[in-house]
Structure formats: structure tokens, C-alpha cells
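Model the full structure from these sequences, guided by the hints.
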Amino acid sequence: MFDYETLRVIWWALLGTLLIGFAVMDGFDFGVAALLRVLGRTDDERLVLLETIEPTWEGNQVWFILGGGAAFAAWPALYAVSFSGMYLAIFLVLLAFIVRPVGFNFRSKIHDARWRNLWDAVLTVSGIVVMLISGVAFGNLFLGVPFRFDGNLRMTWHGGFFDLLHPFALVAGLVSLTMLLAHGTCWVAYKADQTIADRAVRVGRWATLAYVVFYVLAGIWLAYGVAGYAIVGPVVTNGVSNPLYKEVAHGSSWFASYMQYPWFWLAPVLGVLGAIGVQLSIGKKGLACFIWSSAMVAGTILSAGFALFPFLLPSSIDPRSSLTVWDASSSKGTLGVMLGATAVFLPIIIIYTSWVFRVLRGRVTLEHVRQSGHMY
Amino acid sequence: MTMSIAPDVVTLSRLQFALTALYHFLFVPLTLGLVWMLAIMEAVYVMTGREVWKRMVQFWGVLFGINFAMGVATGVTMEFQFGMNWAYYAHYVGDVFGTPLAIEGLMAFFLEGTLVGLFFMGWNRLSRVAHSLVTWFLALATSLSALWILIANGWMQNPVGSAFNPETMRMEVTSFSEVFFNPVAQAKFVHTVSAGYVMGSVFVLSISAWYLLRGRNVDFAKRSMTVAASFGLAAALSVVVLGDESGYAVSENQKMKMAAIEAMWETEPAPASFTLFGLPDVENKTTHYAIRIPWVMGLIGTRSIDKPIPGITNLVEETKGRIDNGIRAYDAMLVLREDRNNAQAKAILAAHDKDLGYALLLKRFIDDPRHATPADIQKAADSTIPNVPVLFWSFRIMVACGFYFIALFAYSFWQASKRQLDKHRWYLKLALWSLPLPWLAAELGWIVAEYGRQPWAIEGVLPTALGVSSVTAGQVWTSLGGFVLFYSALAIIDAVLMLKFARKGPDGLGLWPPASPAPAATTVPVQA
Chain A
1 MFDYETLRVI
11 WWALLGTLLI
21 GFAVMDGFDF
31 GVAALLRVLG
41 RTDDERLVLL
51 ETIEPTWEGN
61 QVWFILGGGA
71 AFAAWPALYA
81 VSFSGMYLAI
91 FLVLLAFIVR
101 PVGFNFRSKI
111 HDARWRNLWD
121 AVLTVSGIVV
131 MLISGVAFGN
141 LFLGVPFRFD
151 GNLRMTWHGG
161 FFDLLHPFAL
171 VAGLVSLTML
181 LAHGTCWVAY
191 KADQTIADRA
201 VRVGRWATLA
211 YVVFYVLAGI
221 WLAYGVAGYA
231 IVGPVVTNGV
241 SNPLYKEVAH
251 GSSWFASYMQ
261 YPWFWLAPVL
271 GVLGAIGVQL
281 SIGKKGLACF
291 IWSSAMVAGT
301 ILSAGFALFP
311 FLLPSSIDPR
321 SSLTVWDASS
331 SKGTLGVMLG
341 ATAVFLPIII
351 IYTSWVFRVL
361 RGRVTLEHVR
371 QSGHMY
Chain C
1 MTMSIAPDVV
11 TLSRLQFALT
21 ALYHFLFVPL
31 TLGLVWMLAI
41 MEAVYVMTGR
51 EVWKRMVQFW
61 GVLFGINFAM
71 GVATGVTMEF
81 QFGMNWAYYA
91 HYVGDVFGTP
101 LAIEGLMAFF
111 LEGTLVGLFF
121 MGWNRLSRVA
131 HSLVTWFLAL
141 ATSLSALWIL
151 IANGWMQNPV
161 GSAFNPETMR
171 MEVTSFSEVF
181 FNPVAQAKFV
191 HTVSAGYVMG
201 SVFVLSISAW
211 YLLRGRNVDF
221 AKRSMTVAAS
231 FGLAAALSVV
241 VLGDESGYAV
251 SENQKMKMAA
261 IEAMWETEPA
271 PASFTLFGLP
281 DVENKTTHYA
291 IRIPWVMGLI
301 GTRSIDKPIP
311 GITNLVEETK
321 GRIDNGIRAY
331 DAMLVLREDR
341 NNAQAKAILA
351 AHDKDLGYAL
361 LLKRFIDDPR
371 HATPADIQKA
381 ADSTIPNVPV
391 LFWSFRIMVA
401 CGFYFIALFA
411 YSFWQASKRQ
421 LDKHRWYLKL
431 ALWSLPLPWL
441 AAELGWIVAE
451 YGRQPWAIEG
461 VLPTALGVSS
471 VTAGQVWTSL
481 GGFVLFYSAL
491 AIIDAVLMLK
501 FARKGPDGLG
511 LWPPASPAPA
521 ATTVPVQA
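Residue numbers (the working numbering), protein chains in the order written: chain A, 1 to 376; chain C, 1 to 528.
Think of the hints as simulated: they come from the structure by calculation, not from any bench. Mixed in with the good hints there might be a few duds.
Stated by the list, open to error - Straight-line distance between alpha carbons at most 30 Å, and here's what the computed DSS-like set of lysine-lysine pairs gives:
no. : chain 1 : residue 1 : chain 2 : residue 2
1   : C       : K222      : C       : K504
2   : C       : K363      : A       : K246
3   : C       : K429      : C       : K222
4   : C       : K285      : C       : K354
5   : A       : K332      : C       : K346
6   : A       : K109      : C       : K222
7   : C       : K500      : C       : K429
8   : C       : K354      : C       : K255
9   : C       : K285      : C       : K307
10  : C       : K255      : C       : K307
11  : A       : K332      : C       : K354
12  : C       : K320      : C       : K346
13  : C       : K222      : C       : K500
14  : C       : K354      : C       : K307
15  : C       : K285      : C       : K363
16  : A       : K246      : C       : K346
17  : A       : K109      : C       : K504
18  : C       : K500      : A       : K109
19  : C       : K363      : C       : K346
20  : C       : K379      : C       : K354
21  : C       : K320      : C       : K255
As the list claims (entries may be wrong) - Sample of chain C residues with no beta-carbon within 12 Å of chain A, all distances over it, derived:
no. : residue
22  : L213
23  : R214
24  : T226
25  : S230
26  : L242
27  : F277
28  : I291
29  : R292
30  : R328
31  : P374
32  : D376
33  : V399
34  : W414
35  : P455
Fair warning: this is a prediction, and the values are worked out from it, not measured in the lab. From the three backbone atoms N, C-alpha and C, an ideal C-beta is built for every residue, glycine too.
Following this line, the structure appears as C-alpha cells:
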């Protein structure tokens with residue numbers, strides 16, 4: 001039905017969709033977890049905060065699991081190189097993912113201040129780790145990462161954990177952190193008891209402001225301080241998935257694709273507009289703020305993906321090993337079957353997820369958590 | 001392909017994978033089984049409207065929730081690990097192996113993850129029927145999840161519907177229907193979920209028996225035991241019958257695993273006997289003190305009385321031939337790397353690509369398989385013999401557990417139908433002390449299936465040692481240490497919480513019996 005080139009572009013877009021799905025749907029869970037002790041001053045208040053996310057965070061996290069599965073199936077080289085190369089960073093993220101389910105489930109099962117304080121700390125740290133490291137990892141994509149393929153496409157990596165902590169990547173980490181903290185505060189403002197919601201409004205304003213500063217800083221840095229990668233010679237978009245069949249030069253601009261497709265500018269504009277929308281609407285503590293912050297998240301991720309296009313993972317030590325949309329995908333058959341499965345199931349997922357959120361609608365009040373025994 | 005994979009990275013990565021998979025598999029089967037018990041109990045509640053059944057769902061639901069969280073927490077590790085520690089594997093077979101994993105997310109895990117919160121928090125927000133539908137879909141999603149995971153795993157055991165593509169240097173799908181309807185995957189799926197159902201049933205049976213021994217929650221416990229006995233009996237029969245189906249499927253495509261399980265060193269005249277007991281001696285390739293039951297193995301393994309089951313020594317000889325063919329395929333692959341259109345090399349590779357993996361076995365011993373001496377080939381062929389004593393014993397203990405479960409549930413079912421579950425204390429004690437057995441059987445089953453697949457990651461296609469990432473031993477030590485630390489802490493916390501809530505019981509948690517209305521209830525002011 002589709003040719004190989006189209007399927008690859010679709011799967012690039014779907015990878016982006018899953019990433020945005022994860023950041024929008026699970027991002028606020030991380031934000032809330034990280035702000036648990038900032039926004040919740042008493043145990044009851046923290047129970048309210050937790051109850052705003054507890055019934056749904058598990059489903060939300062599947063956006064991430066699915067993103068990993070889809071990367072494995074549609075972009076196996078990307079999955080293999082990034083997860084093994086950034087080994088220790090990914091391991092830290094993994095630990096954060098391991099402690100979350102047990103943290104949410106076990107924390108409130110025992111009425112003991114030390115027990116609950118411990119799990120609060122665990123949830124806070126796991127939230128910060130995931131938000132920060134995913135941003136740092138994303139930042140490294142622009143810098144290029146040190147890997148190369150041999151003739152049999154066995155990849156070797158020539159760097160360590162601390163090489164990932166380039167100042168530009170750290171700024172990218174702060175973009176991610178402040179963005180998702182702001183996103184989390186919008187959720188709390190919409191969903192939690194008024195006293196806590198008011199606190200979230202104040203924190204949210206600062207977080208959004210910080211996000212804009214870091215985002216603009218990262219953009220300027222990317223334009224003037226980080227050299228881009230570009231495929232040189234003929235670009236074969238329908239060819240076999242073997243990265244070694246192309247040549248890549250380092251030294252161009254990451255904004256080249258923005259020059260080529262001016263509509264790409266809509267993405268960063270959406271990001272900044274979202275931030276302005278948050279500032280204007282957060283005081284009303286309604287759904288609008290959450291929609292604006294979702295737009296902010298989507299715009300930010302899109303703007304980064306657009307800048308990289310067609311690169312997925314550039315190699316700093318052997319540029320031709322770089323992974324691009326045109327040579328890192330699965331076979332045409334696999335992309336086609338996976339697209340079929342996604343076309344059937346993604347709409348169904350959206351339908352039942354919406355239903356669950358509708359069932360759970362309404363503000364979680366302090367009165368409610370004081371009355372209901374906390375069984376989850 | 002000069003290979004410089006440090007052997008300790010291979011060993012450490014394998015150790016880490018085995019530990020994290022075995023750990024994950026402590027929780028998954030219980031989730032698989034317990035969720036159906038909840039669904040059945042809630043269906044009874046919807047049909048009869050009797051409050052006690054709702055309370056049963058809520059009480060067992062608390063224990064389910066603790067276990068579910070552990071399953072989710074340790075499941076993420078499995079998805080990460082293929083990329084982190086098995087990057088070459090991920091590249092080499094991602095085109096085939098990744099698809100069922102992604103579909104698992106789309107079709108099953110998303111539903112499971114989205115509904116589980118509503119199961120706990122939805123009691124007051126949903127109608128009775130709507131809530132029970134949530135539970136039923138949760139149960140369905142859990143088993144569907146197992147289906148897709150086992151389709152992925154089944155392909156590792158029996159890699160159908162795929163071929164090596166020299167242009168991308170990896171395996172690619174040639175037929176999705178063959179991958180999805182892989183007979184090995186079907187057999188493994190039913191065997192594995194049935195094992196989970198058995199585990200869920202033993203769990204409910206044992207804890208309920210403990211209440212009866214203490215004289216607590218008597219009605220509650222008897223009802224729970226009745227559900228466990230019926231569901232458990234069906235599951236225990238299915239696990240053994242379909243374990244046999246699984247055995248048949250194994251004998252078709254993993255002859256070496258079968259021979260190792262049986263410690264069958266030489267091909268016996270058909271129909272082969274089954275070794276009930278014996279001490280396998282790896283060095284002398286013989287089994288001491290063997291007690292053999294004639295015919296049984298031939299009947300199970302071949303479903304016939306005239307087909308022989310090949311022994312280990314004969315299989316090693318066969319493997320040498322496949323290694324020779326594999327070297328031809330490997331040579332052709334290297335020619336194609338330099339000259340994409342070489343027709344002669346393409347023809348050679350097409351003729352022998354099913355044996356390419358056998359040439360890769362040589363990489364543990366020499367850098368370039370094309371220069372293999374007969375001694376190297378002998379070593380590579382010998383390396384295909386799995387650990388015979390471990391497989392021999394794991395299999396036998398697992399099967400013994402399986403037959404024990406049938407007996408336990410048959411007796412429980414009989415007692416339940418006579419309404420005298422609490423009559424014999426010895427029975428209640430037996431039920432209580434049976435609690436660890438399903439875990440023992442499940443873990444041993446994993447060892448038979450996965451350790452028995454060694455030295456292959458993908459049977460006949462990719463040796464495990466080649467699948468590892470370009471990471472240092474120090475990195476794997478770090479993660480392995482982290483896992484041991486975190487997983488041990490979580491195991492303790494999980495056990496403490498499980499014991500705490502099981503001890504509290506429905507009475508201690510205030511779930512059942514319901515607080516009896518005070519005699520002067522009418523005078524108590526009603527709070528809105």
C-alpha cells in the first residue's frame with residue numbers, strides 16, 4: 001500500500017507520537033511525583049496528590065513501554081545503539097522505573113511516618129531522574145554520540161557515562177525537567193484540592209518561566225554553538241537498512257531542515273505559545289492550563305525531532321555510521337504489519353483511556369481522602 | 001568480523017538476564033492466575049448479589065495489587081535489557097522479535113495498565129456490571145500479554161518465518177503468519193498460562209487453609225477454596241497435558257534439548273524408554289543407576305512407536321555437518337559484503353543460510369570461521385550440548401510438582417463438593433505447605449526452556465555469546481550489583497507486605513464480616 005520511504009516517514013512520525021504520548025500522559029505523573037513534598041505539606045495533602053495520579057499512572061507509563069517496544073520493532077538499530085551505548089544512564093532511568101510501581105502501591109499501605117517519608121523520597125528522586133536524564137539523552141543526539149559499526153553491523157561504543165554530561169546536554173535536561181514540572185503543576189491545579197491547587201499555581205508559574213528561558217537558551221546554543229550533521233551525496237530513501245551505505249558530513253547547521261521546510265517553525269512556536277498559555281490560564285485552575293502545557297510539551301519534542309530529521313542518532317566518531325530515518329528501520333514488511341496493528345489498536349487505546357479518565361473525573365479533595373480508607 | 005567480545009561480559013550478561021528473568025517470573029504467573037480468580041469471584045457477585053463475594057474480590061485484590069506492582073516493576077527491566085545488554089541480538093533479530101513485543105504493548109499491556117487503577121479505585125464510581133467487566137478485561141489482557149510474549153519467546157526456540165538478509169546483516173521476517181502461529185509458541189502459551197492459573201489457585205488455597213486452621217474467616221475461606229479447587233483442577237490438568245504438547249513440539253525442533261532432558265546419550269531403538277531416575281555422568285556420557293520405563297519416551301516425543309529419538313552423541317555428529325555448511329554460508333556472506341550483486345555467492349548463501357548460525361558457533365573458539373580446523377569444529381559441535389544434569393533434574397522435579405498439583409486439587413475438589421474442606425487438619429496443613437511448590441515448578445520450567453536452549457539465543461540462528469552489547473565488564477558489574485541490591489530490598493518489602501496483609505485477613509482489614517448494625521441503630525444519627 002505504502003512504499004518503503006513513506007512507511008519510514010510514518011514510523012518516524014509514530015515514534016514521535018509515542019514519545020509525545022509518553023511525555024504528555026506520563027510526564028505530569030513524573031512532575032507530580034517530583035513535587036510531592038513541595039506541594040504536599042501534610043500526609044493528607046500528599047495522599048490527595050497521589051490519588052490524582054494513582055489510578056492512571058500505570059496506563060500512562062505504557063506509552064513509554066510501547067515506545068520502547070515500537071523502537072525495538074521499527075527501529076532496532078536505534079534501540080540497540082542507544083540503550084547499550086548510554087548504558088549507565090539508561091540503567092539509572094530503569095531503576096527509576098522499577099521503584100515507581102512499588103512506590104505508588106506500597107507507600108500508603110503502612111501508617112508509619114518513616115515508611116512514607118522513605119517512599120516519598122523514592123518517588124521524588126525517580127521523577128527527577130527520569131525527567132532530567134531523558135532530556136540529557138536527547139541533548140546528546142544533537143552533539144552526536146561515539147559509536148561505530150563494523151562490516152557486520154556490530155556496534156561498538158567509545159565513551160563513558162560522564163561524556164554524556166556536556167553543558168549543552170545539561171541545558172536540554174533542564175528544559176525537560178522544567179517543562180514536565182510545569183506540566184505536573186497544571187495537572188495538580190486542575191485536579192487537586194483547592195489549597196494544594198493554589199500552591200501548584202505559584203510553582204507552575206516559576207517552572208514555566210524557567211522552561212522558556214532554558215528552551216530559548218538551548219535553541220540559541222543549537223543555532224550558534226552546535227554543528228549539525230548532513231547526509232552528503234545521493235540520499236537513498238527507499239534503500240536497504242544498512243547505515244554504512246551512505247556518507248555523512250559534520251559541520252552543517254541543525255536548522256537546515258527548518259530552512260528547507262519552513263512549516264517546521266510551527267513546532268517551536270507551539271512550544272512557546274503553550275508556555276504563554278500556561279501563564280495566562282493556570283490561575284483559573286481548569287483543564288485549559290493542562291491543554292496548554294500539553295501543547296508546550298508536544299511543541300518542544302516536535303521541534304527537536306524536526307531539527308534532527310532525517311537523523312535519529314548521529315555518530316560523532318564515524319559519521320557514516322549515523323542512524324537515519326532512511327537506513328535504520330526494520331524491513332518494509334515489518335513496518336507495514338506494525339502500522340496495521342497500530343492503526344487498529346491506537347484508536348481503541350485512546351477510546352478506553354478517555355473513558356477511564358472520564359470515570360475518574362472531578363477534583364480529589366482533602367475531605368475525600370480523609371473519609372476513604374486508602375486501599376490501593 | 002574480528003570478534004573481541006570479552007568472555008566475562010558474556011557470562012555477566014547471561015547471569016544478569018537469568019537473575020532478572022527468574023525474579024520477574026516469581027510475580028508474573030501469580031498475576032496471571034490470581035486475576036482470573038478475581039474475575040470468577042466477581043462474576044459470582046454480579047450474579048448472586050451476595051456481598052461476601054465482592055469482599056472476596058477486594059481482599060484477594062489487595063494481595064493481587066502488591067504482586068502486580070512487583071510484576072510491572074520487574075517487567076520494565078526485561079524490555080530495557082535486550083537493548084542494554086544484548087544490543088547485537090536486538091539488531092540481529094529486532095525485525096522479527098520486536099514485533100510481537102510491540103503488539104503486546106498495543107493489544108494487551110495498554111489495556112491491563114489502564115484498567116488496573118480502575119479495578120482498585122472504581123468500586124464507588126462504576127456499576128456492578130461495569131466493574132466486573134473491568135476485572136474481566138483485566139484478566140483477558142493479562143493472558144493476552146502472555147500470548148504475545150510467548151510468541152516472541154517461541155520464535156527464539158523455533159525461528160520460523162524468517163531469513164537472513166546479507167544486505168542488512170540481520171534476520172528479517174518472510175512470513176508473519178508463521179511467526180504468529182508458531183506451533184511451539186502456541187504450546188508454550190497454554191502451558192505457561194495454565195501454570196500461572198495453578199499458581200494463583202494454590203496461593204488462594206493455601207492462605208485460605210491457614211485461616212481454617214486458625215478458625216478465622218471460615219465462610220470466606222471455604223468459598224475461596226472452592227473457587228481455587230475448581231479452577232486449580234482444570235488448570236493442573238491442562239498444565240500437564242499441554243506440557244506434554246510442549247514436549248512434543250520440543251522434540252520436533254529442539255532435539256538436543258530433548259536428549260539432554262532425558263540424558264539420552266545414544267539413539268535408542270524406537271520406541272525409546274523414559275528414564276524415571278538416574279545420575280547423568282557428563283564426562284563418560286552415560287547415566288548411572290537409571291530406572292527406565294520402556295516405550296514412554298518414544299510415545300511422548302514422537303507420538304509413534306517406530307520413530308527413533310536421536311541421542312546426544314548422534315546429534316553432535318549431525319551438528320558437525322551443519323557447521324560445514326554454515327562455513328560455506330559465512331564465506332558467501334563475506335563475499336556479498338564486498339560485492340552486493342555477486343550471483344554465485346547469493347546462490348551459495350541461499351542454499352545454506354539455515355546453517356549460517358552454526359558457523360557463528362565457531363566464533364567462541366576462533367576469529368574467522370573459514371579457518372576452522374576439524375578440532376575447532378569438534379569443539380563447536382560439543383558446545384551445543386546443554387547442561388545435562390541440570391536439565392534432567394529440573395524437568396523431573398517440575399513434572400513431579402505437576403502431578404502433585406493434580407492430586408491436591410482433585411482431593412480439594414472432592415472435599416469441596418462434600419462441603420467438608422475444614423474436616424481434616426492434615427489436609428489443611430498439606431494445602432498450606434504446598435504454597436512454595438508452584439514457584440519451584442515455574443522457575444524450573446523457565447530453566448528447562450531457556451537454559452536448555454543454550455548455547456543458542458535463537459535456536460540454530462544466533463549463539464548467545466554473540467548477542468551481547470559493546471559494554472565493559474565494569475558496567476555490567478555495576479548494573480548487576482544494582483539489581484541484586486534493589487531486587488533483594490524489594491523482595492523483603494514484598495514478602496513483609498504480603499505476610500502482613502495475609503495475616504490481617506478480611507477480618508483484620510474490616511472487609512468481612514460487615515460491622516453488625518448496633519441494636520439501637522435507629523437512634524444513631526445518620527451522617528450524609
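Structure-based check of each hint:
1. C:K222 to C:K504: With Cα atoms ~17 Å apart, C:K222 and C:K504 stay inside 30 Å; holds.
2. C:K363 to A:K246: Since the Cα atoms of C:K363 and A:K246 sit roughly 29 Å apart, the hinted pair holds (cutoff 30 Å).
3. C:K429 to C:K222: Between C:K429 and C:K222 the Cα gap is close to 15 Å, so the pair holds against 30 Å.
4. C:K285 to C:K354: Distance ~29 Å between C:K285 and C:K354 Cα, so the pair holds.
5. A:K332 to C:K346: holds, 21 Å
6. A:K109 to C:K222: holds, 27 Å
7. C:K500 to C:K429: Given pair C:K500, C:K429 holds - Cα atoms ~20 Å apart, limit 30 Å.
8. C:K354 to C:K255: holds, 16 Å
9. C:K285 to C:K307: The hint holds at about 23 Å.
10. C:K255 to C:K307: holds, 13 Å
11. A:K332 to C:K354: holds, 22 Å
12. C:K320 to C:K346: With a Cα-Cα distance of about 23 Å, the restraint between C:K320 and C:K346 holds, given a limit of 30 Å.
13. C:K222 to C:K500: It holds: about 21 Å lies between the C-alpha atoms, which stays within 30 Å.
14. C:K354 to C:K307: holds, 24 Å
15. C:K285 to C:K363: holds, 25 Å
16. A:K246 to C:K346: holds, 23 Å
17. A:K109 to C:K504: holds, 12 Å
18. C:K500 to A:K109: Answer holds: C:K500 to A:K109 is near 10 Å, not above 30 Å.
19. C:K363 to C:K346: holds, 23 Å
20. C:K379 to C:K354: The hint holds at about 20 Å.
21. C:K320 to C:K255: holds, 15 Å
22. L213: holds, 25 Å
23. R214: Check passes; 23 Å lies beyond 12 Å.
24. T226: holds, 25 Å
25. S230: Per Cβ check, C:S230 is outside 12 Å of chain A; nearest 27 Å; holds.
26. L242: holds, 27 Å
27. F277: Non-interface label stands for C:F277: nearest chain A Cβ at 42 Å, farther than 12 Å.
28. I291: Given that every Cβ of chain A is farther than 12 Å from that of C:I291, nearest at about 46 Å, it holds.
29. R292: holds, 45 Å
30. R328: holds, 17 Å
31. P374: Holds, since 25 Å exceeds 12 Å.
32. D376: Non-interface label stands for C:D376: nearest chain A Cβ at 20 Å, farther than 12 Å.
33. V399: holds, 34 Å
34. W414: At about 36 Å from chain A, C:W414 clears the 12 Å cut-off, so the statement holds.
35. P455: Non-interface label stands for C:P455: nearest chain A Cβ at 18 Å, farther than 12 Å.
Going down the numbered hints, you'll see the structure goes against none, and every one checks out.
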